[in-house]
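Chains as they are written, first to last, in the working numbering: chain A, 1 to 89; chain B, 1 to 244.
Heads up, a few of these hints could be off.
[Said to hold, decoys possible] Taking lysine-lysine and the DSS-like style, the derived pairs with C-alpha atoms no more than 25 Å apart in a straight line are:
(1) B:K230 to A:K2
(2) B:K230 to B:K243
(3) B:K55 to B:K7
(4) B:K232 to A:K2
(5) A:K37 to A:K2
(6) B:K144 to B:K240
(7) A:K56 to B:K55
(8) B:K26 to B:K144
(9) B:K26 to B:K5
(10) B:K76 to B:K55
(11) A:K56 to B:K230
(12) B:K240 to B:K230
(13) A:K56 to B:K240
(14) A:K56 to B:K232
(15) A:K39 to A:K2
(16) B:K232 to B:K163
Honestly, the hints are just simulated from the structure, not real lab data.
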Amino acid sequence: MKIIYQGQIGAVAGLTSEERDVSSDTTVAELIAEIAKGKPAEVARFLVDSEGNVSKSLLVVVDDDHVLDYSVRVGDARELLLMPPMAGG
Amino acid sequence: MLSDKDKAYYAWQLNVPGFGVEGQEKLRNATALVSRVGGLGGPLAFSLAAAGFGKIILAHSGELREDDLNRQILMKHDGLGGARHEQAAETLRRFNPDVDVESVGENISEGNVVGLVEQADVVFSCAPLFEERLLMNREAVRQKKFLVDGAMFNMEGQVLAVKGGETACLACLVDEPPEHWQRRFPVIGALSAMMAQIAALEGIKMLTGLGESQVDKLIHVDALTMNMRKIKVRRNPHCKHCKV
Ligand SMILES: [Zn+2]
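Take the sequences, apply the hints, and build the full model.
Here you go:
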């Protein structure tokens, strides 16, 4: 699965995307928590809160579809895009 | 009725299929609120003036600084230190004297948002602060007005078009300022101007019925790759602004 990091996450991580083996029965919440574990704290803080739950302000997009329910399984999705809200005006 | 003068002035866009005299009349009768008028709102308001909106209300506080000039194209170098809203209004009036341009030397706040949105048919939310954007969103939803919100970071930008109370709103995506957000954002003026043009077109489309309004979609552009995504968004049942 392709994991895409946009906005501040991509900038802080110095990485715009990476491939990852993900089993289809993984939930979106589990996948994000797992990604966060492998990242330095300054990146992980955009993904999960102090309890390891998906960060309240993170925009989670699976195959160009905004996800509100993180308990859904990723199934055969091709892409997960993670983006903190942008504000520049 | 469009005057002969208007028909001549806007001749090139009257030929756009689906726009025509009817579209021009709708713009002529429309009022747009634009706040703020920096790198995003400035080029956006410029295009609204060129398109022939009847009235444009600009809301922006503060004085022009040197580091505004990489993107705030309604300003002038010799206006450094002067009020930005006045310079922006002056540029638009000189460009198209037939547009009624009103400027307010304030940013959007709880105190002015209701009255400003009431005067507008479409609100262009171009502020760099979530607090201001969310106020405009809340009022546009409550008053069932059109709203187009734009934002950017680095070489990426996004636009969300909203039909207030009907389609997904900004608060469906983010309902309070995010925790790790930084006030100063990196941007090249051409990027904010590009997002401004997408936002201006979506506003014009909603007002005139031209083409397909990109509501319930977050338009995301990554200028490093020139990839454009249309992310499907939907009304959040827990949205603080638009929940039914
Ligand atoms: Zn909403």
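Evaluation of the provided hints:
no.: 1; hint: B:K230 to A:K2; result: 17 Å, holds
no.: 2; hint: B:K230 to B:K243; result: 23 Å, holds
no.: 3; hint: B:K55 to B:K7; result: 18 Å, holds
no.: 4; hint: B:K232 to A:K2; result: 18 Å, holds
no.: 5; hint: A:K37 to A:K2; result: 17 Å, holds
no.: 6; hint: B:K144 to B:K240; result: 15 Å, holds
no.: 7; hint: A:K56 to B:K55; result: 39 Å, violated
no.: 8; hint: B:K26 to B:K144; result: 18 Å, holds
no.: 9; hint: B:K26 to B:K5; result: 16 Å, holds
no.: 10; hint: B:K76 to B:K55; result: 23 Å, holds
no.: 11; hint: A:K56 to B:K230; result: 22 Å, holds
no.: 12; hint: B:K240 to B:K230; result: 24 Å, holds
no.: 13; hint: A:K56 to B:K240; result: 14 Å, holds
no.: 14; hint: A:K56 to B:K232; result: 19 Å, holds
no.: 15; hint: A:K39 to A:K2; result: 16 Å, holds
no.: 16; hint: B:K232 to B:K163; result: 15 Å, holds
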